[in-house]
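Residue numbers (my numbering), protein chains in the order written: chain H, 1 to 215; chain R, 1 to 120.
Please note: incorrect hints may appear among the correct ones.
As the list claims (entries may be wrong) - Straight-line Cα separation of at most 30 Å, DSS-like style, residue types lysine-lysine; simulated pairs:
1. H:K207 - R:K41
2. R:K17 - H:K23
3. H:K189 - R:K35
4. H:K189 - R:K118
5. H:K186 - R:K18
6. H:K189 - H:K167
7. H:K65 - H:K23
8. R:K68 - H:K23
9. H:K23 - R:K41
10. R:K68 - R:K94
11. R:K118 - H:K23
12. R:K68 - H:K186
13. H:K132 - H:K7
14. R:K88 - H:K23
15. H:K41 - H:K79
16. H:K194 - H:K67
17. R:K118 - R:K18
18. H:K123 - H:K79
19. R:K108 - H:K23
20. H:K189 - R:K48
Since the hints were derived computationally from the structure, they do not count as laboratory data.
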Amino acid sequence: MSGFIGKKIGMTSIFITEGASVKHVACTLIQADPCVVTQVKRTLNEDGTRKDGYNALQLAAGERKEKNVTKPMLGHFKKANTTPKFKIVEFKTFDTTYDLGAEITVQEVFQEGDFVDVIGISKGKGFQGVVKRHGFSGVGGQTHGQHNRQRHPGSIGACSYPSRVFKGIRMAGRTGNQRVKIQNLKVLKVIPEKNLLVISGSIPGAKNSFVILEK
Amino acid sequence: MIQAEIQNLLEPTLQEKKASFPEFKAGDTIIVHVKIREGNKERIQQFKGTVIQRRNSSSLGETFTVRKVSNGVGVERIFPILSPNIDKIELVRKGLVRRARLYYLRGKSGKAARIKEKKS
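Chain R with its partners taken away, still in its complex shape (with noise of 0.2 Å):
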């Protein structure tokens, strides 16, 4: 049995889940909508920046980077694309980029860390 057939007997709705996002790439900009909990309270957080990488995209384990800079340091955060945290992923631009791993924007800043839009 491979890995999906696998999985989706475990949890079958997952796929459905996965296909329900927009689509995205590496170098687009999105907002990740993070469930944060506080004891009982549970809120939304946002968390906009660019796609660096995604990995393992054809499996149910994958995992995405999104990079940003903040305060004039860079964060970035990997999360699970199934990830019961996630609550909404929205797509704001088109990047258009040549590679399909971003590590060159980790050395880079202002003016030079800019990625062009993709106009379609």
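Next comes chain H alone, as it looks inside the complex (with noise of 0.2 Å):
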């Protein structure tokens, strides 16, 4: 597996020839500038004892204002070279080493027809209903004496048994603001000149949030 750092620019659509046929495809747009090796996690150390207990590289992107920024992780940043970052994920099993303090950039990564899992925070709904929330679909009509409950869930407590409402029964509540995964996107483009990447379809989270991307 590997992965990268990027940040949702917004989606628009592109056209792309296959053989015959033009394809419009929408698509969204990731800025994925270099990211910088922080921290080189391994099972054991060179003499064979116990290190970290399992190999990761830990990614940072985002420039972040030093005064921002507790010691602690300053100190880290120091250790690594570079300057404050705003964001640090850690991707387990990286196909390729690198040591600590490398620059990594998109294209090392991610080719042209790659398919890609996307994680990103969901835009935040609010307090929503069960329609919207997890996809019920009301009561159906509006004739034969129904009024003001086209959108409720319905019965939850059953009768005489249960005569109580089972733990985990889906009602309405906050809405979205969740880590969400979207699977097996193509990478539609690769553009290094201005590291970006071209994405098909489209992902979680709202405009210059970061995105996790994983191969």
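Can you join these two chains into the complex? Each is in its own frame, and there are hints to help.
Spelled out as structure tokens, the structure:
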């Protein structure tokens, strides 16, 4: 597995020529500036003693003002010989090995035609009812004596048995603002000069939010 | 970032490509030169008709609809203006119409479906 950190720019559409046909495809642009390796985790030390217990690579991206970073974190970035970063993500079992402080560019990790998983924080929707939150279909009809309950959940506690509400029954509540992973999105283009990544379809999150890409 | 900036970031030449087409409006008669690929061969087909609408004309996602009557059957084709399949657009005749979307032409035929020419 390998991965990268990017920033969602926004959506647009692109024409793709596939043999005889031209497809008009919706796509998302991701700003993927070079990431810095801030920590290399290894199972064992060179002398065979236990180090971290697993292999991983910690990447960091996005600039952050020095006054907004805690002292322990400043020390962490100093070790990697880099400026303070905004987002830090650990990727387990990275395909290629890198040294501490190395800069990774997007074209080293992703090529055109790869399939990637994209992780982001979805847009917060606030307190929403069951129709929007869980895809309930609502009551259905508006006639036959129905009024004021078109989008209600219906019965939640049945009859004399169980005469209570089971744990985990889906109800209204805070929606969105969650970590969401979308799998198998195709990389349509990699533009190294601008550090841009073009991915087919939509990805979770608002514009300018950080997204994690995995392969 | 607004939509045009995003599109510009991806393909900066598209704005110029759009500007390179002649100015046409609903009611005008145009010829669209469409590239058609058959196997490895590519040829150009002409589609001549009346423009009945231009949608999202300020954006790069613009489409326009061309209507013609072929063998007594009405045919409408919708083209994305930046489609790589469009080779060229020719303006044949300017029409004098009072609306932006000429859906009323669909219900008319023959003499009733005529459009006056705009003389400048």
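Hint by hint, here is what the structure shows:
1. Between K207 (chain H) and K41 (chain R) the CA atoms are separated by roughly 42 Å; this puts the pair beyond 30 Å, and the hint is violated.
2. Between K17 (chain R) and K23 (chain H) the alpha-carbon distance is near 19 Å, which keeps this suggested pair within the 30 Å criterion.
3. At most 30 Å may separate the alpha-carbon atoms for a hinted pair to count; K189 (chain H) and K35 (chain R) meet this at roughly 24 Å.
4. About 45 Å separates the Cα atoms of K189 (chain H) and K118 (chain R), which puts this hinted pair outside 30 Å; it is violated.
5. Proximity of K186 (chain H) to K18 (chain R) is assessed by CA-CA distance (about 28 Å); at most 30 Å being required, the pair is judged to hold.
6. Note on K189 (chain H) and K167 (chain H): the hinted pairing is violated, with a Cα-Cα distance of about 46 Å set against a maximum of 30 Å.
7. Restraint check for K65 (chain H) and K23 (chain H): not satisfied, since their Cα atoms lie roughly 43 Å apart, outside the 30 Å limit.
8. Using a Cα cut-off of 30 Å, the hinted pair K68 (chain R) and K23 (chain H) holds, with the two alpha carbons roughly 25 Å apart.
9. Restraint check for K23 (chain H) and K41 (chain R): the C-alpha separation of about 19 Å stays at or below 30 Å, so the hint holds.
10. Between the alpha carbons of K68 (chain R) and K94 (chain R) the distance comes to roughly 15 Å, so the proposed pair stays at or under 30 Å and holds.
11. Among the hinted pairs, K118 (chain R) with K23 (chain H) is inconsistent with the structure: their alpha-carbon atoms are about 37 Å apart, more than 30 Å.
12. For a cut-off of 30 Å, the pair hint linking K68 (chain R) to K186 (chain H) is broken: about 39 Å separates their Cα positions.
13. The straight-line distance between the Cα atoms of K132 (chain H) and K7 (chain H) is roughly 27 Å, inside the 30 Å bound, and the hint therefore holds.
14. Distance restraint check for K88 (chain R) and K23 (chain H): the Cα-Cα separation of roughly 19 Å lies within the 30 Å cut-off, and the hinted pair is therefore satisfied.
15. This hinted pair checks out: K41 (chain H) and K79 (chain H) have alpha carbons roughly 14 Å apart, not beyond 30 Å.
16. The straight-line distance between the Cα atoms of K194 (chain H) and K67 (chain H) is roughly 29 Å, inside the 30 Å bound, and the hint therefore holds.
17. About 24 Å separates the Cα atoms of K118 (chain R) and K18 (chain R), which keeps this hinted pair within 30 Å; it holds.
18. Restraint check for K123 (chain H) and K79 (chain H): not satisfied, since their Cα atoms lie roughly 35 Å apart, outside the 30 Å limit.
19. In summary, the hint linking K108 (chain R) to K23 (chain H) is not supported, as the alpha carbons are separated by about 34 Å, beyond the 30 Å threshold.
20. Restraint check for K189 (chain H) and K48 (chain R): the C-alpha separation of about 35 Å exceeds 30 Å, so the hint is violated.
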